[in-house]
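Fit chain G to the supplied structure of chain Y, relying on the hints for placement.
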Amino acid sequence: RKEVEQDPGPFNVPEGATVAFNCTYSNSASQSFFWYRQDCRKEPKLLMSVYSSGNEDGRFTAQLNRASQYISLLIRDSKLSDSATYLCVVNPFRHQAGTALIFGKGTTLSVSS
Amino acid sequence: DVKVTQSSRYLVKRTGEKVFLECVQDMDHENMFWYRQDPGLGLRLIYFSYDVKMKEKGDIPEGYSVSREKKERFSLILESASTNQTSMYLCASSFRSGTGTHGYTFGSGTRLTVV
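Residue numbers (the working numbering), protein chains in the order written: chain Y, 1 to 113; chain G, 1 to 115.
Only true hints are included.
In silico DSS-like pairs for lysine-lysine, Cα to Cα no more than 27 Å straight-line:
id, chain 1, residue 1, chain 2, residue 2
1, G, 57, Y, 45
2, G, 57, Y, 105
3, Y, 42, G, 18
4, G, 71, G, 3
Hints listed in this document are in silico derivations from the structure and should not be mistaken for laboratory results.
Bound-form chain Y, shown alone (with noise of 0.2 Å):
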């Protein structure tokens, strides 16, 4: 199983529209998590940081589920300017010092009018 697995879409849907992302995780000793927005040929950028009571920020809501290793992104009333690739986040704490985040390789979405 792949340390963080996202369906990579395409995801086509029109203005005004509700989409969800979903996303898993293999290692169940992970301790946190966050969604990253990435447009083409730029960095990513941090969106939110997953909480494990759920945290919404406007119209993004992130949703964690431990048990069943599983993050989600909801994206209420899509914009043009929503269209970019998703990137699911996990940081797997290895060890004290310091841990390399792990990266899913992205779900995509396009909004249209």
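What follows is chain G alone, placed relative to chain Y:
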């Protein structure tokens, strides 16, 4: 704002050349990372460093080395560039992750072409 600066946005090098990619961060982050990103393969970790003069191999260290002589600077070295090292190289930094609540800040990337 945290800033991570990569020395070059675009670079073209010849096969066999020694290539240096430089990364500097200005937020006193302990951890620094080098990834490469290729279509269909996602981000793959090359090396990371959690302290000055410390380095850890990532998933694909072959053909690369790194140097971290100062806390703010992390260099990636391609010992003898090959065409299969043509890629987007991304540097990132973060605070030391204890229980791991910190994400990364990335530099804007260096798109390296080896001809």
